[in-house]
Structure formats: C-alpha cells, structure tokens
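Novice: Chains A and B, in that order, give the protein sequences.
For the first sequence, numbering that gives the first Met the number 0 gives the first residue as 0, with consecutive numbering after it.
For the second sequence, numbering that gives the first Met the number 0 gives the first residue as 0, with consecutive numbering after it.
Note that these hints are calculated values from the structure, not bench results.
Check the hints yourself; a few may be wrong.
To be verified - Here are the simulated DSSO-like cross-link-like pairs (lysine-lysine), alpha carbons at most 27 Å apart as the crow flies:
hint : chain 1 : residue 1 : chain 2 : residue 2
1    : B       : Lys60     : B       : Lys398
2    : B       : Lys414    : A       : Lys1
3    : B       : Lys417    : A       : Lys1
4    : B       : Lys160    : B       : Lys188
5    : B       : Lys60     : B       : Lys4
6    : B       : Lys344    : B       : Lys60
7    : B       : Lys148    : B       : Lys188
8    : B       : Lys188    : B       : Lys260
9    : A       : Lys1      : B       : Lys419
Model, not experiment: these values are computed from the prediction.
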Amino acid sequence: MKRFEQLDHTADLALRIYGQDMGELYVNAAYAMFHHLAAVDDVRPLLREQVCVEGADPESLLVNWLNELLYLHETETRVYCAFDILALSPQRLQAMAYGEESHAVHTIIKAATYHDLSIRHTDQGYVASIVFDV
Amino acid sequence: MVNKKDMRRVDRYLWEIPRGYRHDMRVPARIYADDALLEAALQDRSVEQLINTACLPGLVKYVLAMPDIHQGYGPPIGGVAAMGMDDGVISPGAVGYDINCGVRLLRSNVEAAQVKPFVTELMDALHYGIPSGVGRGGDIRLSGRDMDKVLERGAGWAVSKGYGTDQDLQHTEEHGALDAADASAVSSKAKKRGSNQLGTLGAGNHFVEIGKVVDVYDETVAQQMGVWPGQMVLWIHSGSRGLGHQVCTDYVNAHRRAVDKYGIHLPDRQLVCAPIDSPEGRQYMAAMACAANYAWANRQLLMHRARTIVADVLGPHLKQLGLTLIYDIAHNIAKAEQHTVEGRKMQLLVHRKGATRAFGPGNPRLPEDYRTVGQPVLVPGDMGTASYLLVGTSEAAAKSFSSSCHGAGRVMSRKAAKRKARGEEVQRSLQEQGIIVRGPWRGLAEEAPHAYKDIDRVVNVVHESGLARRVARMVPMGVIKG
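One chain only, chain B, in its complex shape (with noise of 0.2 Å):
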C-alpha cells in the first residue's frame, strides 16, 4: 500500500509519486490535494490505481489525479493521463463506461428568490416530465437511420430537429460532436441499447438542479458568462446511457485481445488498451466519439424539456426566463488536443476520467464570446452542498494539460452511505435546508452529502494551484435524481 512517506511534495497542493516508487511505472504520479484530501485518498485504492495507470505506453510527463480523486475501476475517477499520438495508447477503461457523462450549466434573467414560491411545484413538474429511464425507455424511439446520424452528428442532431439553438451549440464542448465519430465502429447491440433511451436522465448521480447564485468571486468573467449573484441556474448531469456502456462494454473485450496481440503488459485488467496507432484502437476512437456524440444529443435534449417544464410552471408568473446555456463540459472522454511538452508542440491523447477539461484565454478552440477570458470550467456539488462555476487558465496547460476536477468525488461506499441514513431520512434533512429533492429513496440514501468529500476544499485546491479560477459558488433549491 502507498503511503505519504513515499510522495514527495512538489507545491502547497501538488504531490509527487516518483517513477522509481514501482518498476512498470513508466512516468511519475502526481495529485493535487490539501492533506485532508490526501489522507482520504490513502483510505482506498485510489493511488494505487493512478500508480498503475502510470504504467501505460506512450505516457507524457506524468499521470494526474485532480483533488476529487476517488477509487474506480483501472484508473481512479480523476485521473487524467496524456499519450502521444504515435506511441500510445487509447484505454475504454481510462473513459470509463459513461462515455461524455458531463455536464450543463444554464444561466436565466430571473432572480432565485421570485422562483423560491414555486420550486416544489417546480421540481415536481421536471421529475414527472423528465423520464429517468430506470427500467423503462424514454418517449423518443430512433430507427436505425436516425441512430446513425445522432451517432454522428451529436447535438447537431437535436437542434436540426428543433430541440434547441446554434447559439446552444456554440457553448457546448466541441460544438456538441466530434468528428472522429463513425456510426459503423459502434455495435448493433449498442445501437439497440441506446435506441429507446435518448432523452432520458440515467439513474446514480444523474440529476438536474435548480440552484442560486450566492458568491461571485471574479465579476469581470462572471459578466461575460451572464452570472450575478441572486440568480436562479439549473444544472444537468447525464452521460451516454445503455449505448455509451455497451460500446465501453464491447471495446474492453475487443482490447483484451489486441492487449496480447500488441504485447502490452497491464497490471490491471481494467487498464485495457490498443496503440492509438492500430485498427482497434482506431475503432475505439471513432466509437468513443459516436457515444460522446450521443451524450451531447442527449443533454440537449435534456435541457430542451427542462426549458419547456420550467417555462411552463415559471412563464405564468415570471416574464422573460432567458434560460440560456453558459457551457457544457464532458468528465469521461479522450481528446486529442495540441499540447507544449518541453518547449515542443504535441499532438497528444489525453483520457480524463471525473475531469474536465479546462482550456485558458486565447485558445481558439473556445466560442468567441469565452476567448477572452477562458473556458467555462463547472463543478457541480453533490446534493446537498454548493457548486461551482471557475474558468480555465493559462497556467494549467503547463501544470494539467488544461484539466479541473469534474465534483465532489465519493468518500464513502454506497452501501456505508445506505447503512448511515435512509432515503427518506436525507430528503428530510434536505428539506429542512430548504432543498427540495425528488428520486427514489435508495439513490438518494446512496447519494447523501455525507458520502461525498467536501467540495469548498475540492474547489480551493483547484483555485489555489491554478488550473481554474473560481468565478461564482451556487447552492441548490431543488434537485431531482434518476
């Protein structure tokens, strides 16, 4: 087991796990944490894992865990690891099985004090109007043909049918797909999967809340994004259901044969992978891509039935909602991005699992509108506490490859977090905060405040190191689970 005599401190908040601490280690360690959130990291397999995804070909400077480090499956949730393009690896184990589970945040012009009368009947109305998908599909059926174009054309699609603006595209990662994708390396097993489930929020830590502005940190930026404080937000968080899971499913069998084929030692199953140079690896690129794409169509979908719910309940009593979206940022994803390694421009791989991504001012790939001052970088809390909005900087290019963390991260089990309250006795608790939730009792046992690390320290550690500013902190009126 690692422990913190084997780390050496490279900054205030920046830890080091040296090459030679373990002989396959190809690169060193490094995660960003304050003691507290170290200590918890030590508590479970989390290093461990990061020093195993260390040991991946093709690695560049070094493997990173972000502050809401927490165990996973192959690499830790937080993990962030950069490959060449000629040399490396893709691993579907460091995506993770929610291919593009990210997150929306959306701005209004109504003040979270005139909405504060209506939010129960608010949060009734988006828990019965947006399908959660457990156990049954959604209310949109897509054929084959239809399929392969949302595959292909992610949030494009929704908004060529109606659902939405270019304006919602301009502000979404990637304007919503990637081009990498192709409809044929996606299984018909996937496809069929992901067929009756577009526009439907998933179950676990999916959600969509309904928050306020308490604190604004950098006006200067919070006005460019459309943020003051007192306003009402609302945040979504969904990923690319049954068929991203399939096509991670798929590809993880597919890449344990070419782990042998390609000689690549792994000291962890999870971690399999294919040279990013290979048809297999190839393959899992252009599908990785489709189930992102269908995750961004998914979230504009989303996000069109919560402006139809909210205008709905809101629009009798409050004029002009102007509930537009500030930006939408994937957590599970490999991008290939321009990077500066020593002085040298690189075009690298990076995989980031429970990061984001978080470019700084002057990065052309940003909308116009976010140039100037960088990208738009969220954290959404759990259900209890706050949540964030920071924006990227220059500084992390350097330091992280331009990656944040992506929330809280989990302290506890789910099955602790069951045994400490019951479902209802969270909602309750919630409740006499003024937070109204809605979801069934187990996921909201699961989902308590107290199974999750302290997002305030999460946020300070990304803040003080740099790799994103804080620009406002919200807290939630009303939150509704799958």
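Pulled out of the complex, with its shape left as it was, chain A reads as follows (with noise of 0.2 Å):
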C-alpha cells in the first residue's frame, strides 16, 4: 500500500498520506514528512526519543505530532527514520521516534499547517491530506 504522494500546491507542500489504521496513518506521515527533508532511506534508528502530544481531535492531533517531530530535528539535529505507535487516542498520542544525527538534509519545512486538514475513512483503511509551509 503506498504510504503517501505529493499534490501540487503553488508555494508550499502538499501530502496524501495513506494508513491501514490510525497509527499507521501517524507514522507515515511523520515518514512522509522527513522523505521532503532529507534521504532518510539513509537514516539509521541508532537513537530514540519518545514523543507524547495531545490536540482537540485526531486532525489537530496529527499537526501537533508533526510539529513536535519538527522541533526535536531542528533543536537535536536529528533525522527520524521510524516511529513505533505506543498509545493512541482521538486526542493524545505517545510515541518513540528512530533516527540519528542529521545529515543529507536538504530543505527547511517551517511547521505542519492546518490548511486543508484531513483524516477521513475509505475501504482501505485512512487518508489524511495536510500542508507544510516551505
């Protein structure tokens, strides 16, 4: 099953992402996000961070959880390859996020926006649409 695609959007960066249930759709997404930023088919999970955040429902859960990820890249100089779903609820998610010290990174995302905000159900499971301000 793909995991995401790219949409045109004019300025910034536009994503489908794809998941067979929720916590995948979480982990693709955080995938999808670091495969715009850096090569990180070459990143190895050598170190680990857990991450926990909370949001208003599952969209806003989703943003958070990116933002948070944006966050720990920029400040440990970190590219997260792999992400293991610990808990997961409409509003709180816990997480442990793989990767190593940043490098092959390749372009700056400013944060995870809510412009054109999606998770829906379909046959196969999820599909959340989201922007990314470049």
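Combine the two chains into a complex, taking the hints into account.
Specialist: What follows is the structure, given as structure tokens:
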C-alpha cells in the first residue's frame, strides 16, 4: 500500500497520506515529512526519543505530532526514519521516534499547517491531507 | 469557484468581489492585477482564500491582494487585511509562519562592470561564508539572556555587538525593532529552536544576490537613495527562521482555543485569530514582535557577514566599496498604523502577508533622508529575472493602507517546477545568461524562473495603480540560495 504522495500546491508542500489504521497513518505522515527533508532511507534508527502530544481532535493531533517532530529535528539536529506508536486516542499520542544525527538534510520545513487538513475513513483504511509551509 | 463574472472592475488594474458574493463576507475583497495576472490568480485558490479573509471580524474598508497574489494557507500570499484596534482580530495565519520574512537592499560605490571579473569568486565566497542553516546551526550560539535581548532589541542588539552601525538602523523599518516585543510571550521551544540559527540564511526562496542597476526611472528619488545606472547592488532575503516558525505554530494552537472562547466563526481553520484587545491577542502581538525583531537582528548579521566577504574578495581590487543599506522592509507582519478612513483618523492593525508597507512622502515614521521622497519599496524578483526599487506614494494611503507587492509570486507548484527542469539545467541556463548561481539542486529546481510570475507585469500594475512608483530596475549577476 502506498504510504504517501505529493500533491500540487503553488507555494507549499501538500501531501496525501495513507494508512490501514490510524496508527499507521500517523507513522506514514511522519515518514513522509522526513522524506521531504532528507534522504531518510539512508538514516539509521540509532537514537530514540519518546514523544507525547495532545490535540483537540485527530486532525489537530496530527499537526501537533508533526510539529513536535520538526521541533526535535531542528533542536536536536536529528532526522527520524522510523516510528512506533505506543498509545493513541483521538486526543493523545505517545510514540517512539528513531533516527540519528542529521545528514543529507536538503530542505527546511517551517511547519505543518491546518490548511486543507483532513483525515477520512476509506475502504482501505484512512487517508489524510496536510500542507506544510516550506 | 470564483470567476471573473463575479467581479466588478473598479479601475484599470483593480477588481472587486462585492460583499454580497458570499453571506459570511464582512467587507468586499479587492485585487490589484492586470488581465493575465487575474487569470493566473483564478487558477488556484488564492481568490477563494482572499474571500475567506474577508470574513474576519473588525475589518475596515476591504481586504486586498497585490498583483503577486498566489495561494497560501489562510489568507493568500499578497494579502492585506486592516482591522480596527477595538473590535478587530489579530491572526497569526494572516502574518505567516515566517514572521518578518523580509528583504534588504544595499547600494555601493562600485560599477557592476568592475565587479564582473570577480563574480564567480565572490559567489563562491558568499556561498561558503554564509551558513544556510539547513540540517545544522550557524556559528552564533545565544544564551538565554542574550536571546531575550535579541528578541527585545532586534537589529539594535546586533549593532551593539559591533555588527553594523546606527545608520543601518535608521534605514530599517521600525529601526529594526518593534516596541511591543516581550520575550516572556515567546515559548522556550521557540527560543531553543532559534538559539543556534542566528546568522543563517534559511532555505526555500531565501537568498543573497549581487545585482546591477540597469534602468533608473526617477533620477531625483534614485539620487536621494544613492542609486545610479550600472551600479553594483546587494540583496538579502531572509526571515525569522525556526524561532518565528515556532511562534506561529504555538499561537495558531493558542488561537484555536481563543476562536471557540470568543465565538468567532471561521471559513478556514488556518485563519485562527483572537481579538486584538484580549490576553491571547496581546500575547501574540508581543511574541510576533519578538520574532520580527529576531529577523531584523538576523538580516543585520547576514548583511554584516556579506559586507565582510565582499570586502575580502573585492577589497584587494576595488577601493571604496561603500556598501550601505538603502532600506530593509518586512513582508510578513502585522503593524499598528494610523490611517484615515472616511475622513477619520483611525489606529488600525494592518496584516501584510507577502505584501509590504509603502509610506509616501511626508510620513513622520520615515527616516529624515527619505521623508521628502517617500519610503523605499523593495521588490525582489526570482533568480533569473529583474528586481525593482520603488518608492511609496501618498495615493497608496487611501487605496491600499499604504501597501505594495513584495515580489513576483509563484505560479507553479514546487512539484511541477521540479518536473519541468532539474536543478542542474536551471543553473546551466542561468549561467548561459551570465548569472552565477550557487545552491542545492532541489532548491534551484523549485525556485526556477518559470515557477514565478512576470515581475515586470506585477510592478507595472503597482506603478500604474499609484501604489508605489518605479525608481530603478536591477538584474542579477550572482545568487546564492540556502
């Protein structure tokens, strides 16, 4: 199953994310974001960081999850390549993020935005759309 | 979807979508554009976004879009929205994630022709010497106390540390620092993110450019600004880096709760806001001012670094370089300004996202040496084409809350731009035109000239509409991208 694809957007990065369940959706969203920042497939899961975020609803939770990872990426100079969801509810997410010191980072993502944000249930699971400011 | 038949033509280059077009609009929406630019705007969702912006509480007169309008998130890029201080809202989305993304332009005493033999060496030195901050920090590490000083003093902090002069501050919007700044309104996360990014350029459409003045349209104003034909100039385009991005993220979250608390109905979640006169509104104003100040400090530092590198490379060959700052302007910011509305003086909060202030002659907020002519308005183009120096007009006050365009504006998505040409091809094509480009391949592909609107058309609309007047046109000799 495809994990994500890039959509056309005049100025920013618009992605469509897929997942068989919500957990996989959040994992694939994080992977997709780092895929657009760095050569993520060259990154090894040597270091780990536990991440806990909350949100008013699953969409906000998605934005907060991605923005928290961006914050860690910039402040810890790390790229994350793999993620394990430890606990997930509509308003709270606890996860482990694996990665290593930044290398082969080729762009800066400013933030995950609320623009055109949606999470929908489909026959194959879930699909989300999200726009990042780059 | 909006189309042209829903609009009425107010003037040669001015269109209006009336308030009645949608039930939730509080004011009309106006767009400055020629026919081609309007058609381009109707291809993506920029006009719809402008209409959404017209739904914010407390708006005065109309919301506006400049001719470089393109789709953003929340308001379109190129959007101007002015609110009354008593009943209006402040919106982080109407400022943008890159708070005080802006640009500065330096003039010099040297002819571009004298610099030409050294351009490759100069661009290599600038590329090497100015950190982009992509994937790693810069060379300046700020302690907690220093960070708070940067946030409250802006470019003034940089000058106090020896990175420039008071003259630089005179020629910076707001003297390089907004008074409303309060470092306690900025989260520790934002401060941490910004702690090792001062002095870095950033990526995307940020750049440093060496250019040449090719046309002068207004000799009196050009002379007042120290500009002449054939002169070498230097542009710097950068913003508030991760600190600004985090401030926006933090306050978009805080204002999502505020929207419910104050019963504000929004057609787009990214338009979150809070009443200006509320704790949440005042906090964002204070934090936004801090981020703006960080960006001004950053551009001051980048300028200092660039001036040092130019002196190192050109100094042995050319004397009296005389690189001095013409002006620095912000193009993602909200400002408290006095404007006259229906004959009444009002204090308004003017949001400009991808738009710039353009005060006309006589404005007391301008430095003394520009007060008789008007504010320099800086309009950088994209990598391969022209940039402009304009001057603000008195007319713009009544027409656009003294606002003008900020650049060329994109027409093509980054994905489509990369499909159209690879970074190497873009670099080669520009080199064939004599423009030396340094930067990452992906960035070059995404920022290729074909991804942008025609700057000459955009500036023509602004000039013909009386928002700002053409003073000089410049073309690039070399560009570095983050």
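Novice: Each hint needs a verdict: does it hold in this structure or not?
Specialist: Checked hints:
1. B/Lys60 - B/Lys398: Holds, at roughly 10 Å.
2. B/Lys414 - A/Lys1: 18 Å, holds
3. B/Lys417 - A/Lys1: 21 Å, holds
4. B/Lys160 - B/Lys188: Between B/Lys160 and B/Lys188 the Cα gap is close to 25 Å, so the pair holds against 27 Å.
5. B/Lys60 - B/Lys4: Between B/Lys60 and B/Lys4 the Cα gap is close to 22 Å, so the pair holds against 27 Å.
6. B/Lys344 - B/Lys60: 14 Å, holds
7. B/Lys148 - B/Lys188: 17 Å, holds
8. B/Lys188 - B/Lys260: 25 Å, holds
9. A/Lys1 - B/Lys419: The hint holds at about 24 Å.
The structure agrees with every numbered hint stated previously.
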